[in-house]
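Using the hints, put the two chains back together into the complex; each one sits in its own frame.
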Amino acid sequence: MGERLAMTAKISLGLAMSGIIYAMFLVVPQYVGLGEAGRIIIVHVPTAWVTSAAFAVSAVFSILYLRSRSGLHDASAVAAAEVGTLFCLFATVTGAIFAQVVWGTFWNWDPRETSILVLLLIYAAYFALRSSVDDVPRKRRLAAVYNIFACVTMPFLMFVAPRIADSTLHPNCAFLQGSKCEGISLDLNGAKIGQLGDVVVELKAVQKQGDMTSATVEVRMPGLTDTADLIPTFDNAGQPADRPEFPGQSFRMILIEADVPAGTARVNIQAPGTGLLSNQRTLWVFMASNLTFGFLALWLYRIRATILHVTSLVQTTEAL
Amino acid sequence: MSKSLLWRATKAVFVRELRSEFRSRQALNAVALFAVCSIVAVSLGLGPLNRSAELPLVHAALLWIVLLFAAFTALARVFVVEEEQRTAAALRLAAPPHAVYLGKLLFNLLLLCALTVLVAVLAIVLLRMQVRSPGPFVVLLVTGALGLVAGTTLIAAMIARAASRGALFAVLSFPILIPMLVTAVRGTALALSGTGWDRCMAPIQTLIAYAVAMFVTSLFLFAYVWED
Chain F
1 MGERLAMTAK ISLGLAMSGI IYAMFLVVPQ YVGLGEAGRI IIVHVPTAWV
51 TSAAFAVSAV FSILYLRSRS GLHDASAVAA AEVGTLFCLF ATVTGAIFAQ
101 VVWGTFWNWD PRETSILVLL LIYAAYFALR SSVDDVPRKR RLAAVYNIFA
151 CVTMPFLMFV APRIADSTLH PNCAFLQGSK CEGISLDLNG AKIGQLGDVV
201 VELKAVQKQG DMTSATVEVR MPGLTDTADL IPTFDNAGQP ADRPEFPGQS
251 FRMILIEADV PAGTARVNIQ APGTGLLSNQ RTLWVFMASN LTFGFLALWL
301 YRIRATILHV TSLVQTTEAL
Chain B
1 MSKSLLWRAT KAVFVRELRS EFRSRQALNA VALFAVCSIV AVSLGLGPLN
51 RSAELPLVHA ALLWIVLLFA AFTALARVFV VEEEQRTAAA LRLAAPPHAV
101 YLGKLLFNLL LLCALTVLVA VLAIVLLRMQ VRSPGPFVVL LVTGALGLVA
151 GTTLIAAMIA RAASRGALFA VLSFPILIPM LVTAVRGTAL ALSGTGWDRC
201 MAPIQTLIAY AVAMFVTSLF LFAYVWED
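First to last, the sequence lines map onto chains F and B.
Using this note's numbering, you'd call the opening residue of the first sequence number 1 and step up by one each time.
Using this note's numbering, you'd call the opening residue of the second sequence number 1 and step up by one each time.
The following block holds chain B by itself, in its conformation from the complex (with noise of 0.2 angstroms):
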């Protein structure tokens, strides 16, 4: 198959799903409003934190929290969908497997990036985060999200036709993206306390080495587990 046949073919996945989500808008109200009720209930349940040398941390671990289970609800309904609304089957007529991968994929980046701006915005307004190195602070927020879209979007398509969905997600999610996950909060520790780029690129390069490794090897996977 040519490139520029794959790239049609991804580029055609990718603007059905966000035209699917356009009319309907289930995945992003679901997600933005769980993301919402995650901080509401986690400022609540903290109140005011005293100013310590833990609470860049702290904060950075509750970012995560919310953020992976936001994407544990929102990120396995790509695939679902496809399940539920008996599209699967004219899905493998009309696109290639990896295709189908790298649009799905795209669509997730780009929820997972909505989501997590939306849940840092939420966390510096109400939880009173104080951001001390923006710069490194984004970036270790993107290359977060990629890594967490890249070790799941897979899974995603996993779960789609086993029972009990929703959990086994989360299940078969959680210790892939343990390092991803210890490293991104680490990393956003850092950025948040105020550390230069020159301590935050040993988290970012790791991230980066994460998702690209998690990228490569599901698209070696993606064809057998789509077969069928």
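Just chain F, same shape as in the assembly (with noise of 0.2 angstroms):
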């Protein structure tokens, strides 16, 4: 019966699997200014939610080894490790080259681009930590108490990290605490330099033209590879107007808020892919790839906890 149910369980996976790739390519529409390119978010996003939802579990496994010393729960935690690990190569790797594709650099220190690399470091250390402890029990211990110092700093990721930039270019805002998503205020008398992801901006000049407003922000590429005199604007309604890119890139600037007789200026990234989960096509499809990867990572885990677990048990076993 149970083999039954796990065989029939398998199979559906499978075949919802294959559906989520099919409905990637041939149900999502097409997206203006993403292209093709938008239909990663169908993997991309549900990879990322797995990855943290694995670490979390690896750390309460963690928790729970140091309680009841059982190599059970030390397996789980790493099983969990691993599988966090695999997933967090796959949300990093499609996300990479989703924004060389649609924004024009493969990497940009994006607020959640920093998280996510940090989170990779660590369960690097993790298997680092577990691989140079010879004495089992001990190696155990020590992974376990790392794992859960570790989990102790990622709030403050959470927290540092909205402010290390300003502005994301991912599309919403929702998930990360503290970030606003609002862009940055420059003053010409006072901070008239700050940062867009990992571009320097700096305010130059604030007008009016007729019923337009513009800013003149001059744009300093990492590396200063570029640098530009940007001017985005906005009309009497208070709506951008010129979105002008930055240099080498495809995303834009525009001036949100102006103040002339004040000097200050607030500007932020647009990129394109906001919005894109309006369609209820695409919505429908990203949820069924939500729970779809969700069962994938937890049939990966339970198989790699049990060989894991099982493998720990002939080793004590030979030993004795």
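Note that these hints are calculated values from the structure, not bench results.
If you're wondering where the values come from, they're calculated on a predicted model, not measured in any experiment.
Please note: incorrect hints may appear among the correct ones.
[As the list claims (entries may be wrong)] Here are the simulated distance ranges between beta carbons:
{"id": "1", "chain 1": "B", "residue 1": "126", "chain 2": "F", "residue 2": "69", "range": "46 to 56 angstroms"}
{"id": "2", "chain 1": "B", "residue 1": "92", "chain 2": "F", "residue 2": "294", "range": "26 to 36 angstroms"}
{"id": "3", "chain 1": "F", "residue 1": "295", "chain 2": "B", "residue 2": "25", "range": "55 to 65 angstroms"}
{"id": "4", "chain 1": "F", "residue 1": "69", "chain 2": "B", "residue 2": "4", "range": "52 to 62 angstroms"}
{"id": "5", "chain 1": "F", "residue 1": "306", "chain 2": "B", "residue 2": "164", "range": "29 to 39 angstroms"}
{"id": "6", "chain 1": "F", "residue 1": "117", "chain 2": "B", "residue 2": "46", "range": "19 to 29 angstroms"}
{"id": "7", "chain 1": "F", "residue 1": "248", "chain 2": "B", "residue 2": "126", "range": "31 to 41 angstroms"}
{"id": "8", "chain 1": "F", "residue 1": "97", "chain 2": "B", "residue 2": "48", "range": "49 to 59 angstroms"}
{"id": "9", "chain 1": "B", "residue 1": "128", "chain 2": "F", "residue 2": "216", "range": "24 to 34 angstroms"}
{"id": "10", "chain 1": "B", "residue 1": "197", "chain 2": "F", "residue 2": "209", "range": "32 to 42 angstroms"}
{"id": "11", "chain 1": "B", "residue 1": "18", "chain 2": "F", "residue 2": "137", "range": "30 to 40 angstroms"}
[Claimed, not checked] Short derived list, chain B residues pointing at chain F, Cβ under 8 angstroms:
{"id": "12", "residue": "91"}
{"id": "13", "residue": "93"}
{"id": "14", "residue": "154"}
{"id": "15", "residue": "162"}
{"id": "16", "residue": "166"}
{"id": "17", "residue": "179"}
{"id": "18", "residue": "224"}
{"id": "19", "residue": "225"}
{"id": "20", "residue": "226"}
{"id": "21", "residue": "228"}
The beta-carbon is built from N, C-alpha and C at its ideal position, and this holds for glycine as well.
Spelled out as structure tokens, the structure:
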């Protein structure tokens, strides 16, 4: 009975995964400004979610291990970390490909890019620690301690990362605590230099011409590969009008607010890709994809945890 | 265990660390020379920098990179030495785990503060780093040092009995320190460029919160690292 249920689950998972891939290419519509590249979110976002969830699961099992000292809890923590690493790599690579195609750069220290890189480093350090301690109980104990310790730093990253850049290329900010994605305020008489992503921006002038308000902003690309003066504008109704492109990139600068007498202006990055999920078909495929990737991770995790636990039991028996 | 007993044991561990350091001066010599070498290397490598709006950020980043790597070389010693001289077992018998952790933490803090003063002075002299808001600058360095020590002392205890300790210490500490490092660099850049207390308070608060969180977690976890 159990075996048949497991087989059914396995086959449905395979079918669901095939369905997601089919839907990703044939059901999800193309997007203006994104082209075919927009389809990648069907894989990118669920893998990123699974990565964070796996990290949390791994930390929980680490706490349980320190309390129970049971090999099964340790095996579960390792299995969750391994699945997390795999999905973390997926999320990073798909994200970088998307960023190159759509935003014109593989990597730009967007807050989410920074936090997923740190997560990848933590996973790597966790496995490095495990491989350099020979004594099994000590290895398990130290790895569990490190996992919990690293987990405590994550809220700080969530808290600090939005402040690293006042603006993000990622479409919505709902999941990033403390970030409002409101762009950055520059002041001719005060803080006139700021950062959008990893681009340094310096306000040069704010002026009114007819019914348009414009700001002259010097942008310096990372490594000073390019500098340019961009002049975004907005019209009488306060709607952004001219949205100049950053040099060599395919994201744009918009002017949100400007006060000519005070010499202040608020500018932001505008990247193609905002409002992707407002399409019903995309939304449903996206939800189904989240669910399927979740189950895939769960399945991988179960198998891996069982294998690790059985292997360690066999080794202990042989040692006896 | 009574509070005063823990405090007495902590003090004993701390004084023991100080005494053994005064006898050999191993840690201080090695770390001071490391700091001098890296600041000189940075100054020679950069040459004269143009005065620009980004200069405070460059100086702050260099200062913290030097401090970070000096910390990587210095802060693991307190526990590695116990394993090398085979005194760890005796220490386990002689003092409760919390006292060992607190004593070593205090010693590391003292070492890192000395190191920070040295690096900052060398940076001001050799790199011609200009400190336009000295008050926030000093507070940021101190809270940053607190964060560095709180984030690495537990890891130092962890790697003491592992293979390839030095490299592992850096590998394990770095991801833990990233939030603190980013905050410290940004805050120090603000202080170098002459920003007042009002805008420097946010990074200072973040650094203090980080140090406290790491310290409390370490207290919880240290007994697990130190057993056996």
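Hint-by-hint comparison with the structure:
no.: 1; hint: B/126 - F/69: 46 to 56 angstroms; verdict: holds, 52 angstroms
no.: 2; hint: B/92 - F/294: 26 to 36 angstroms; verdict: violated, 45 angstroms
no.: 3; hint: F/295 - B/25: 55 to 65 angstroms; verdict: holds, 60 angstroms
no.: 4; hint: F/69 - B/4: 52 to 62 angstroms; verdict: violated, 33 angstroms
no.: 5; hint: F/306 - B/164: 29 to 39 angstroms; verdict: holds, 31 angstroms
no.: 6; hint: F/117 - B/46: 19 to 29 angstroms; verdict: holds, 27 angstroms
no.: 7; hint: F/248 - B/126: 31 to 41 angstroms; verdict: holds, 36 angstroms
no.: 8; hint: F/97 - B/48: 49 to 59 angstroms; verdict: violated, 41 angstroms
no.: 9; hint: B/128 - F/216: 24 to 34 angstroms; verdict: holds, 32 angstroms
no.: 10; hint: B/197 - F/209: 32 to 42 angstroms; verdict: holds, 40 angstroms
no.: 11; hint: B/18 - F/137: 30 to 40 angstroms; verdict: holds, 34 angstroms
no.: 12; hint: 91; verdict: violated, 17 angstroms
no.: 13; hint: 93; verdict: violated, 19 angstroms
no.: 14; hint: 154; verdict: holds, 6 angstroms
no.: 15; hint: 162; verdict: holds, 5 angstroms
no.: 16; hint: 166; verdict: violated, 12 angstroms
no.: 17; hint: 179; verdict: holds, 4 angstroms
no.: 18; hint: 224; verdict: holds, 5 angstroms
no.: 19; hint: 225; verdict: holds, 6 angstroms
no.: 20; hint: 226; verdict: violated, 10 angstroms
no.: 21; hint: 228; verdict: holds, 7 angstroms
Violated hints, listed in ascending order, are 2, 4, 8, 12, 13, 16, 20; each of the other numbered hints is respected by the structure.
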